[in-house]
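S.K.: Chains as they are written, first to last, in the numbering used here: chain A, 1 to 364; chain B, 1001 to 1261.
Keep in mind the hints are simulated off the structure, nothing from the lab. Don't take each hint at face value.
As the list claims (entries may be wrong) - Interface residues of chain A toward chain B, partial, derived using beta-carbon atoms under 10 Å:
(1) Trp221
(2) Ile297
(3) Leu300
Unchecked claim - Just a sample of chain A residues kept apart from chain B, beta carbon distances all over 12 Å, derived:
(4) Asn107
(5) Leu205
(6) Leu258
(7) Arg267
(8) Leu356
These numbers were taken from a predicted model, which means no experiment stands behind them. C-beta atoms are modelled at their ideal positions from N, C-alpha and C, and glycine is treated no differently.
So you can see what is in the structure, the chains are spelled out below.
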Amino acid sequence: MSLSATASSMDKSVCTLGASPARSYAIPVLAGVLLSVIVVSIAIGPSSVSFNALFQGIMNAFGAGEPMSMRDHVVLFDIRLPRTIMGCMIGASLAVSGAMMQGLFRNPLADPGIVGVSSGAAFAAVSVIVLGSMLPASIAALTGSFLLPLSAFGGGLISTLLLYKVSTRGGETSVATMLLAGIALSAITGAFTGLIVFQSDDNQLRDFTFWSMGSLGAATWGRIASIAPFVLALLISIPFLSRGLNALLLGEAEAFHLGFDRQKLKRWIILVVAAATGAAVSAAGAIGFVGIVVPHILRLVLGPDHRLLLPASAMLGASLLVGADVACRIIVAPAELPIGILMAMIGAPVFLSILLSKRSLFTF
Amino acid sequence: MFSASKISLKRGGRNILHDLDFEAKAGELTVIIGPNGAGKSSLLKCLSGETTPSSGQVLLDGIPLQELRSEQLAARRGVLPQASSLSFPFTVHEVVGLGIGAGISGLHGRQRDLRIMEALETVDMARHANSSYQVLSGGEKQRVHLARVLCQVWDPVREGKPNALFLDEPTSSLDLKHQLDLLGLVKNYAKAGGCAIAILHDIDLAAVYADKVLVLSDGTSHSFGVPKDTINFSMLQEVYHLSKEMIETKWAAQNTFAMAG
Chain A
1 MSLSATASSM
11 DKSVCTLGAS
21 PARSYAIPVL
31 AGVLLSVIVV
41 SIAIGPSSVS
51 FNALFQGIMN
61 AFGAGEPMSM
71 RDHVVLFDIR
81 LPRTIMGCMI
91 GASLAVSGAM
101 MQGLFRNPLA
111 DPGIVGVSSG
121 AAFAAVSVIV
131 LGSMLPASIA
141 ALTGSFLLPL
151 SAFGGGLIST
161 LLLYKVSTRG
171 GETSVATMLL
181 AGIALSAITG
191 AFTGLIVFQS
201 DDNQLRDFTF
211 WSMGSLGAAT
221 WGRIASIAPF
231 VLALLISIPF
241 LSRGLNALLL
251 GEAEAFHLGF
261 DRQKLKRWII
271 LVVAAATGAA
281 VSAAGAIGFV
291 GIVVPHILRL
301 VLGPDHRLLL
311 PASAMLGASL
321 LVGADVACRI
331 IVAPAELPIG
341 ILMAMIGAPV
351 FLSILLSKRS
361 LFTF
Chain B
1001 MFSASKISLK
1011 RGGRNILHDL
1021 DFEAKAGELT
1031 VIIGPNGAGK
1041 SSLLKCLSGE
1051 TTPSSGQVLL
1061 DGIPLQELRS
1071 EQLAARRGVL
1081 PQASSLSFPF
1091 TVHEVVGLGI
1101 GAGISGLHGR
1111 QRDLRIMEAL
1121 ETVDMARHAN
1131 SSYQVLSGGE
1141 KQRVHLARVL
1151 CQVWDPVREG
1161 KPNALFLDEP
1171 TSSLDLKHQL
1181 DLLGLVKNYA
1191 KAGGCAIAIL
1201 HDIDLAAVYA
1211 DKVLVLSDGT
1221 SHSFGVPKDT
1231 INFSMLQEVY
1241 HLSKEMIETK
1251 WAAQNTFAMA
1261 G
């Protein structure tokens, strides 16, 4: 044990290190998966449009290829394309938010859907839908189409801050308190949401069914534009937060020792997670488990380094949600299965399996 | 290099540190000893900037810590805590790599890998580089974290400025050989111009390795100086409340053992 080790023995060990194959191929492979899922999602639907026609139509939009029929044009540009793009945005948001929250809470089970952040966002969104007409016209005019995602963001932010305050003492997060506080938070916001739903008319009631089960069916270009800033904020923050998140896994004190401004770091994480979760909830309702399943699978294959985990989560999250949406459109065609139901069917068992494998975390 | 002037720390109505003056110089290994609850860890936390004292100031080269950004501090001092927990499956190599991003070394690619391996060789953990951190024993984890901290402040002196190692009971979970290895390493770091501050419970190790010893008692400095002036019979009685018999029993065994050796 001297400060300088022999060069030859070091060289040998270094050869065995470096990036494992899984890590170096992860991004291209995931990009390939995402691209194929996108193609399938655009090509499949209740109205049959030939693949060639779709391709020509897309090329035509760029000034080449042949023009499509009016009907095909509507199917492609007003239904399938926005739906697919919104699916990508929401899938990426949910998966990256989940991974970031797990880093912040230093626990693989933290997820905006489980710890009550999504229900806080949903409560705020539902309130705006029902009570929105009572808002002063000036506010509505000022926020425009951003009113819904903004209020969902606000609801998500308040929930996250509450959760953090309740479950963290002196920089240490109690897992038990976090999960229990999440249950309480979900129950409270759920009760208030129920109260509002109780007051609503038939039209609004139909909207709420969509909220509670989650769906990409309401995708429009307008909706995409209204959530885009929030989703972009999350994605742009990835390179700035990933090193800090790695350090946070060692503990808050260690993150500080390693040179990170822990307060600033935590504030940013909470802010972007709430923004993206709020955006996702406002556009597609409550879709759970994406934020648990995706980071969990990726950590098994790629390890927990956020510099790779976060971009990989964005891609796999987008692929998973768009893929699940395709399945939802096929399984009970011509009807549609709400995607939240399918995700819960896939996600809950994965959640349980993590719980079983990490029992030591719950010795309280 | 690091100095504390009249620092006090109050927590929940209790005075943890009280009007403490202290200086740790570059080129020296300063060991902090004292009974449980004397304020050793709290002092180290104040010195590292993790805790802000209720009154008084901690200075790094004459500059108050509050005026330094956390990354400026991180470039000058690494901290090995008593215990670190990590519930995600990092490899040993990755854990040590977390230290490299922190300093100002700016190492990348192969150079970074070489530095990580060198640090792991230094703490006798190189063969575990690709193992999962979670399967290691307590002592092995402690050594991996030491390698991480070493990576953070690798050069004892960089661009004319000394760097510092803060160690909170670094030997607590180590076997005898690795205890001596670690203290030898820290001593060498100080000899090369760095500043080292360690909390130790083992008074014998403190007496052998320390350049300076700070004896803490009830949040104040009982004595501060070279080991032979600070570690003595009366200190053990006053600070640790050991009776004559207790002292004889503890060190008699050691003498018998040494003679039989």
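S.K.: Is it the case that leucine 258/A keeps its Cβ farther than 12 Å from each residue Cβ in chain B?
M.R.: violated, 4 Å
S.K.: Go through the hint on isoleucine 297/A and say holds or violated, using the shortest Cβ distance to chain B against 10 Å.
M.R.: Status violated, d = 13 Å.
S.K.: Please verify that the nearest CB of chain B lies beyond 12 Å from arginine 267/A's CB.
M.R.: The claim stands: arginine 267/A keeps its Cβ more than 12 Å from every Cβ of chain B (closest is about 14 Å).
S.K.: Beyond 12 Å from every chain B Cβ: check whether that's true for leucine 356/A.
M.R.: Holds: least Cβ distance 15 Å, greater than 12 Å.
S.K.: Over 12 Å from every CB of chain B: does asparagine 107/A meet that, or does the non-interface label fail?
M.R.: violated, 7 Å
S.K.: Let me know if the C-beta of leucine 300/A comes in closer than 10 Å to any C-beta of chain B, holds or violated.
M.R.: holds, 8 Å
S.K.: Determine whether the non-interface label on leucine 205/A survives the test: each CB of chain B must be over 12 Å from its CB.
M.R.: holds, 43 Å
S.K.: May I ask you to test the interface hint for tryptophan 221/A with respect to chain B, counting a Cβ-Cβ separation under 10 Å as satisfied?
M.R.: violated, 39 Å
Figure legend: structure checked against the earlier numbered hints; hints not met, in rising order: 1, 2, 4 and 6.
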